[in-house]
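**Q** As you go down the protein sequences, you meet chains A and B in turn.
The opening residue of the first sequence carries number 2 in the numbering used here; numbering runs sequentially from there.
The opening residue of the second sequence carries number 102 in the numbering used here; numbering runs sequentially from there.
A couple of the hints might just be wrong.
[Unchecked claim] One side of the interface only, derived from the structure: several residues of chain B facing chain A at Cβ under 8 Å:
no.: 1; residue: I156
no.: 2; residue: W171
no.: 3; residue: F308
[Said to hold, decoys possible] Restraint-style ranges between C-beta atoms, simulated for each label pair:
no.: 4; chain 1: B; residue 1: D296; chain 2: A; residue 2: L421; range: 19 to 27 Å
no.: 5; chain 1: A; residue 1: Y29; chain 2: B; residue 2: V304; range: 49 to 57 Å
no.: 6; chain 1: A; residue 1: V311; chain 2: B; residue 2: L110; range: 57 to 65 Å
no.: 7; chain 1: B; residue 1: E222; chain 2: A; residue 2: R357; range: 48 to 56 Å
no.: 8; chain 1: B; residue 1: R210; chain 2: A; residue 2: S19; range: 58 to 66 Å
Hints were generated in silico from the structure; no laboratory data involved.
Here a beta-carbon is modelled for each residue, glycine too, at the ideal position from N, C-alpha and C.
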Amino acid sequence: MSAALLLLRKDLRVLLRSPLLLGALVAYPVVIAVLVGLVAGYASSKPRVAFVDEDNLPPVVSVGGHRFHWQTVVDEVAKQVTLVRLSQPEAQRQLSTGKVVAVITVPPGFLGDLQTTVVSPKLLLQTGSGGLAPRVTEQVQSLVYQLNQKLQAGYIEANLEFVQLLLKGGKGHFLGRNFDVLGLERTQAELAQMPSNERVAAIEHFVQQAREGLAQTGSALRATANPIELTQASAHGRTWILSAQVQSYGIAVTVTFLALLLAAGATAAERDEGTIGRLRRGLVGLGELVWSKVALAGVVGLVLGLAIAVVFGIVVEAGGITGGEPWSRLPLLLAGVVLAAGAVGAAGALLGALAREARTASLVAVLVVLPVVFLGLVPRGAFAAAYWISLFLPFAHAVKLFGAALYDSSPWGTVGIETLWLLGIGAAFWVLARLGVRTLTA
Amino acid sequence: MTTPLLRALRVARRYGDVEALAPTDLELVPGETVALVGPNGAGKSTLLSILAGAIDPTEGSVESHARVGWVPQRPAHYARLSARENLELFARLEGVREPARAAAQLLDRFALPTGARPSGELSVGNRQRLNVALALLGEPRVLLLDEPTAALDPGQRRRVWEVADALRAEGGAVCFATQNLEEIEHASRTIVLQDGRVVSLTVEEVFG
Numbered sequence: 002m003s004a005a006l007l008l009l010r011k012d013l014r015v016l017l018r019s020p021l022l023l024g025a026l027v028a029y030p031v032v033i034a035v036l037v038g039l040v041a042g043y044a045s046s047k048p049r050v051a052f053v054d055e056d057n058l059p060p061v062v063s064v065g066g067h068r069f070h071w072q073t074v075v076d077e078v079a080k081q082v083t084l085v086r087l088s089q090p091e092a093q094r095q096l097s098t099g100k101v102v103a104v105i106t107v108p109p110g111f112l113g114d115l116q117t118t119v120v121s122p123k124l125l126l127q128t129g130s131g132g133l134a135p136r137v138t139e140q141v142q143s144l145v146y147q148l149n150q151k152l153q154a155g156y157i158e159a160n161l162e163f164v165q166l167l168l169k170g171g172k173g174h175f176l177g178r179n180f181d182v183l184g185l186e187r188t189q190a191e192l193a194q195m196p197s198n199e200r201v202a203a204i205e206h207f208v209q210q211a212r213e214g215l216a217q218t219g220s221a222l223r224a225t226a227n228p229i230e231l232t233q234a235s236a237h238g239r240t241w242i243l244s245a246q247v248q249s250y251g252i253a254v255t256v257t258f259l260a261l262l263l264a265a266g267a268t269a270a271e272r273d274e275g276t277i278g279r280l281r282r283g284l285v286g287l288g289e290l291v292w293s294k295v296a297l298a299g300v301v302g303l304v305l306g307l308a309i310a311v312v313f314g315i316v317v318e319a320g321g322i323t324g325g326e327p328w329s330r331l332p333l334l335l336a337g338v339v340l341a342a343g344a345v346g347a348a349g350a351l352l353g354a355l356a357r358e359a360r361t362a363s364l365v366a367v368l369v370v371l372p373v374v375f376l377g378l379v380p381r382g383a384f385a386a387a388y389w390i391s392l393f394l395p396f397a398h399a400v401k402l403f404g405a406a407l408y409d410s411s412p413w414g415t416v417g418i419e420t421l422w423l424l425g426i427g428a429a430f431w432v433l434a435r436l437g438v439r440t441l442t443a
Numbered sequence: 102m103t104t105p106l107l108r109a110l111r112v113a114r115r116y117g118d119v120e121a122l123a124p125t126d127l128e129l130v131p132g133e134t135v136a137l138v139g140p141n142g143a144g145k146s147t148l149l150s151i152l153a154g155a156i157d158p159t160e161g162s163v164e165s166h167a168r169v170g171w172v173p174q175r176p177a178h179y180a181r182l183s184a185r186e187n188l189e190l191f192a193r194l195e196g197v198r199e200p201a202r203a204a205a206q207l208l209d210r211f212a213l214p215t216g217a218r219p220s221g222e223l224s225v226g227n228r229q230r231l232n233v234a235l236a237l238l239g240e241p242r243v244l245l246l247d248e249p250t251a252a253l254d255p256g257q258r259r260r261v262w263e264v265a266d267a268l269r270a271e272g273g274a275v276c277f278a279t280q281n282l283e284e285i286e287h288a289s290r291t292i293v294l295q296d297g298r299v300v301s302l303t304v305e306e307v308f309g
């Protein structure tokens with residue numbers, strides 16, 4: 002048996018003899034994975050937004066002959082935010098303390114402007130300076146868009162009434178003034194009674210064209226208001242907690258945490274116990290020493306990755322979840338887990354060599370692993386620097402690899418690319434760790 | 102002329118600006134026991150670690166013509182493994198043909214506990230005896246001992262010196278570091294170190 006395998010067997014034996022440590026090592030990343038899930042869940046939860054009505058909107062608003070129950074409309078469309086009615090001072094106070102993330106104000110005169118149907122009434126939006134501000138702005142924009150969709154029918158009807166007035170003629174009311182309109186039909190009738198000549202014929206022709214054109218106004222207005230209409234089907238997919246992404250993150254977080262911590266601790270422990278000196282006397286090469294820690298990370302990652310995948314699979318199968326668990330992909334997933342754990346293990350061996358002492362190595366590993374995980378969770382568009390840093394760390398590649406291995410219909414492209422990334426990152430960390438462990442005997 | 106079993110040629114060790122060991126020559130020939138004597142920080146452990154191959158010299162080289170056993174100053178074994186498991190593991194790493202048998206022999210020879218108790222939970226004396234036993238795996242002809250009897254009772258000390266004397270009698274060589282002047286009587290040659298250098302002072306002069 003090679004020296005690296007003998008050390009691996011020793012490390013596994015030592016690990017199994019520390020049930021408390023083993024339990025903590027397994028439980029901790031699971032807790033972290035759940036917390037990461039909660040953070041991700043919060044990202045899709047409804048933020049609290051203050052609603053200040055300075056125009057005293059009545060329960061029922063009439064626009065263009067259409068009657069709206071205002072609160073019902075708001076409740077229906079405001080599915081992305083929790084609107085709470087507050088006075089302006091209270092809203093400002095809660096915005097300053099962060100209790101609400103934004104304030105929507107209905108200014109005085111809003112309803113009057115709305116009912117004229119000829120000017121756009123304005124809503125005022127104030128947001129806090131927190132990280133949720135851009136999201137709230139998007140959601141309020143969505144709210145206004147949806148309100149506009151509800152209101153546009155009333156606006157269209159109001160506009161069509163004016164069109165009908167132009168066509169048919171009759172009494173009208175606009176901006177508080179009453180008036181009588183002749184209308185195109187009556188104009189045409191009047192023209193028919195006038196002596197026929199070239200000028201009258203030209204006016205008759207124009208009136209006829211205008212009537213035909215205005216007759217199409219209703220459908221044209223509706224088409225202009227809704228160039229594309231979106232119909233939403235009810236969702237039948239998985240719940241969030243069983244999604245492919247969460248499964249990938251759960252395995253990646255657990256494997257990253259364990260591999261880094263174990264490899265760092267096991268490497269530094271060789272110095273703590275004084276055995277590095279014995280091993281260096283030609284018994285174990287420095288490369289073999291690093292390999293043994295990489296293998297330890299790989300073996301433990303494999304066992305835990307398998308356990309998590311099986312637990313997920315059982316829950317998915319027992320719940321009859323759409324799509325089921327892709328059991329046939331398990332070998333591909335586990336191969337990816339071993340590779341990712343090995344790459345992280347090489348980084349852990351480097352940490353252990355630099356820390357030189359097991360307790361310090363463990364602490365540093367814990368301190369390092371959380372930023373590594375969160376860097377991998379930051380979307381590319383949110384913070385480009387985080388994306389570029391995570392590109393050279395194993396976590397983000399592990400997540401992509403696991404996701405593709407489990408659920409992509411054609412996984413080989415992604416699996417191939419991420420495998421190359423992990424091999425490259427792992428090799429780089431291996432070389433650095435190989436250099437680092439030399440210092441352990443100093 | 103007798104071929105030395107172990108030869109150090111101008112070996113030196115620096116830690117940054119600190120010179121732990123100035124360039125030093127040393128030969129160990131069959132049948133001799135060399136004592137390295139000096140106060141704390143004299144460079145004794147550094148020289149023995151370099152001779153053992155546990156650390157690299159920053160200058161010079163070491164030539165070895167025989168298997169070398171090393172007893173570091175601080176017991177060096179895996180605390181969560183039992184004495185037997187430690188012996189078997191290092192026997193395998195040393196390439197010993199029958200590791201289980203070799204481990205059993207050393208357990209018996211040094212009266213070490215044979216149970217599954219982790220070696221980290223053994224008494225200081227037992228841990229030091231395990232430290233010595235580990236050095237004897239593979240039947241070395243050169244034994245490097247770094248203050249091997251510091252934590253042992255008189256009976257255990259006697260047993261360690263019996264092992265060293267037997268090795269020398271069989272044509273091997275022993276080099277040990279000590280601050281216990283009584284142990285110098287086991288040496289056929291004494292080297293005095295001070296501030297990382299071999300000095301031509303007597304033991305009495307060094308220790309005042």
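**Q** For each hint, tell me whether it holds in the structure or not.
**A** Structure-based check of all given hints:
1. I156: With a closest approach of 5 Å, the B:I156 hint holds.
2. W171: holds (6 Å)
3. F308: With a minimum Cβ separation of about 27 Å from chain A (threshold 8 Å), the hint on B:F308 is violated.
4. B:D296 to A:L421: 19 to 27 Å: Roughly 54 Å apart at Cβ, these two residues miss the hinted range, so it is violated.
5. A:Y29 to B:V304: 49 to 57 Å: holds (55 Å)
6. A:V311 to B:L110: 57 to 65 Å: At roughly 60 Å between Cβ atoms, B:L110 and A:V311 fall inside 57 to 65 Å, so the hint holds.
7. B:E222 to A:R357: 48 to 56 Å: 25 Å Cβ-Cβ, so the 48 to 56 Å window is violated.
8. B:R210 to A:S19: 58 to 66 Å: violated (31 Å)
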